[in-house]
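Using the sequences and the hints, build the whole thing.
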Amino acid sequence: MKLPFLKFALVAFLFLASISNALAVYRCTVNGQTVFQDSPCLGSLGTVAEDAQRRAKQKEVENDRFLQHSLATNAMSPEERSQQPKLLEAQAKARITERMIDPKSTEFRNVKAYIGVAARNFYSVEDASGPPVIDVVCGEVNSKNRMGGYVGFKPFYWTRDGKVALPESDNFEKVLSTLVIRSCAKLER
232 MKLPFLKFAL VAFLFLASIS NALAVYRCTV NGQTVFQDSP CLGSLGTVAE
282 DAQRRAKQKE VENDRFLQHS LATNAMSPEE RSQQPKLLEA QAKARITERM
332 IDPKSTEFRN VKAYIGVAAR NFYSVEDASG PPVIDVVCGE VNSKNRMGGY
382 VGFKPFYWTR DGKVALPESD NFEKVLSTLV IRSCAKLER
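The sequence shown begins at 232 in our numbering and counts up one residue at a time.
No lab work stands behind these hints, which were simulated from the structure alone.
Heads up, a few of these hints could be off.
Once the Cα atoms are required to be at most 27 Å apart in a straight line, the calculated BS3-like pairs of lysine-lysine come out as [stated by the list, open to error]:
1) K375 to K343
2) K375 to K385
3) K385 to K343
4) K317 to K375
5) K335 to K375
Note that the structure is predicted; figures quoted are calculated from it, not measured.
Next up, the structure:
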């Protein structure tokens with residue numbers, strides 16, 4: 232009679248111990264007030280004035296980066312400026328080829344470089360610390376998979392600072408392909 236009860240108690244204890252993290256409540260301080268939440272505290276979110284200062288500083292940094300990009304582009308000779316798209320395309324192809332399972336089989340089509348485009352087309356709000364203007368290469372890539380067959384052309388984009396959107400997993404492929412197509416389509420207009 233005691234043995235089934237002990238088994239039940241042990242199973243119940245293990246179950247409750249395993250979900251204890253899911254039922255955790257965190258006590259956090261936000262703007263001087265104590266709040267309770269089900270996710271870990273992210274630290275002080277600051278006051279409205281601190282937030283305004285942070286945004287002003289971020290805008291100043293963005294303007295400096297934009298100015299630096301403009302000065303660098305204007306300092307180039309016309310010949311150098313005309314070669315920029317080809318150089319960007321070559322860099323993008325080299326970086327993307329490195330990521331392929333069979334680099335020797337990599338094929339590209341519809342590859343086009345865009346110099347000085349608005350970064351908001353390619354960066355999320357969380358990446359807002361990046362430059363306001365970037366250089367981007369859009370196109371399609373095809374390569375062999377582990378079985379030796381070509382997977383078909385997939386859209387990609389690459390930015391000079393190393394950000395790459397390249398469909399690599401089946402479950403994420405549709406979402407990422409849509410993102411890449413939309414981001415690059417904005418540049419065609």
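We went through each hint and held it up to the structure:
no.: 1; hint: K375 to K343; result: holds (23 Å)
no.: 2; hint: K375 to K385; result: holds (12 Å)
no.: 3; hint: K385 to K343; result: holds (15 Å)
no.: 4; hint: K317 to K375; result: holds (25 Å)
no.: 5; hint: K335 to K375; result: holds (9 Å)
Going down the numbered hints, you'll see the structure goes against none, and every one checks out.
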